[in-house]
Amino acid sequence: MRRVSRIPDQAATRRVLAITRNGSLAAFAGLAVLWSFAPVASAIGSIPQPPDLCELAARDAAAQTGVPLVVLQAIALAETGRPDPGAGGQLRPWPWTINEGGAGHWFDSFEQALAHATEARDLGVSNMDIGCFQLNHRWHSQAFPSLEAMFDPQENALYAARFLRDLFDKSGDWSVAAGAYHSNTPEYADRYRARFDAILAGFGSQDIQLPQDLAAPQTFAELVPRQNNFPLLKVGARGIGASIVPQVAGGQSLFAEQP
12 MRRVSRIPDQ
22 AATRRVLAIT
32 RNGSLAAFAG
42 LAVLWSFAPV
52 ASAIGSIPQP
62 PDLCELAARD
72 AAAQTGVPLV
82 VLQAIALAET
92 GRPDPGAGGQ
102 LRPWPWTINE
112 GGAGHWFDSF
122 EQALAHATEA
132 RDLGVSNMDI
142 GCFQLNHRWH
152 SQAFPSLEAM
162 FDPQENALYA
172 ARFLRDLFDK
182 SGDWSVAAGA
192 YHSNTPEYAD
202 RYRARFDAIL
212 AGFGSQDIQL
222 PQDLAAPQTF
232 AELVPRQNNF
242 PLLKVGARGI
252 GASIVPQVAG
262 GQSLFAEQP
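Sequential numbering from 12 applies to the sequence shown in the numbering used here.
One or more of the hints may lead you astray.
[Said to hold, decoys possible] Computed spacing ranges between beta-carbons, pair by pair:
#	residue 1	residue 2	range
1	THR196	SER120	14 to 22 Å
2	VAL187	GLU122	20 to 28 Å
3	SER157	LEU134	35 to 43 Å
4	ARG149	TRP117	32 to 40 Å
5	GLN123	PRO96	31 to 39 Å
6	GLN101	ASP184	38 to 46 Å
7	GLY183	GLY135	23 to 31 Å
8	GLY215	LEU134	41 to 49 Å
9	ALA114	GLN153	32 to 40 Å
10	GLY113	SER182	36 to 44 Å
11	GLY99	SER182	17 to 25 Å
12	ASP119	LYS181	32 to 40 Å
13	ALA212	GLY99	16 to 24 Å
Simulated from the structure, these hints should not be mistaken for laboratory data.
C-beta atoms are modelled at their ideal positions from N, C-alpha and C, and glycine is treated no differently.
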């Protein structure tokens, strides 16, 4: 039985996520990206791949919100996980993912994903889920300064984590919170919970508690639009390729229901 007991250094994680002005990934220290509970180790010169961006963003969001890292890991894998040939076929998340009307698309680069999302939006499509944690454009684009910013792994993860924290505060159960994250329809929520629970069990985590040493985090309800400070996710930058269901008055889902 494992328990989340240590949050990696936020500054180290953010240094890893830094991108140079010319679009190439910055050199960094203090990184060994492992989808595990091990502290961030030193691996000078390592270059993070797209899945690493989701994983590092999850670490940062966990540290800021108090959501257990394994919960964010399991959500990211449930939303955008796919086998990674470079990791022996291990399931890993992918930041350049779009689910459009129930059809998933994993793009090789940020630019390809942005071009597809921009074209879809310009054609009037708004029901599309974006990024590491599959934020729905129709209902959550107002919280971001641009479409590019919705793909920002850090912003995407932080937004999702704040919402998950609110759901947990209401239910007291991470599995229930995960189901509500996906859908308010019991059938779809239960199906998603089963997948979430299976992924979580793969991490060997059963007794997950919130860290006790964190200050009260900013909640989902307090979330305000943020400036895009992730240089990779600016038009012209060179890149390295379902969803939250909040409630409105009367209990109506803010998302179109999908299995």
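32 to 40 Å was suggested as the range; check whether the CB atoms of ASP119 and LYS181 agree with it. 38 Å, holds
Taking the CB of GLN123 and the CB of PRO96, does the distance hold inside 31 to 39 Å? 19 Å, violated
Between GLY99 and SER182, does the beta-carbon spacing fit 17 to 25 Å? Since GLY99 and SER182 have Cβ atoms about 36 Å apart, the given range 17 to 25 Å is violated.
Go ahead and decide if the range 16 to 24 Å is satisfied by the Cβ distance of ALA212 to GLY99. 20 Å, holds
For the range 41 to 49 Å, tell me whether the beta carbons of GLY215 and LEU134 fit it or not. 45 Å, holds
Measuring from beta carbon to beta carbon, are GLY183 and GLY135 in 23 to 31 Å? 40 Å, violated
Per the hint of 36 to 44 Å, is the separation of the Cβ atoms of GLY113 and SER182 within bounds? 26 Å, violated
Has the hinted range 32 to 40 Å been met by the Cβ atoms of ARG149 and TRP117? 21 Å, violated
Outcome for the supplied range 35 to 43 Å, where the beta carbon pair is SER157 and LEU134: Roughly 18 Å apart at Cβ, these two residues miss the hinted range, so it is violated.
Within 14 to 22 Å or not, the Cβ separation of THR196 and SER120? Given a distance of about 34 Å, which is not inside 14 to 22 Å, the answer is violated.
Can you tell me whether the CB distance of GLN101 to ASP184 sits inside 38 to 46 Å? Given range 38 to 46 Å: violated, Cβ gap about 28 Å.
Looking only at beta-carbon atoms, does the pair ALA114, GLN153 fall within the given range of 32 to 40 Å? 24 Å, violated
Taken one by one, the earlier hints fail for this structure at numbers 1, 2, 3, 4, 5, 6, 7, 9, 10, 11, listed in ascending order.
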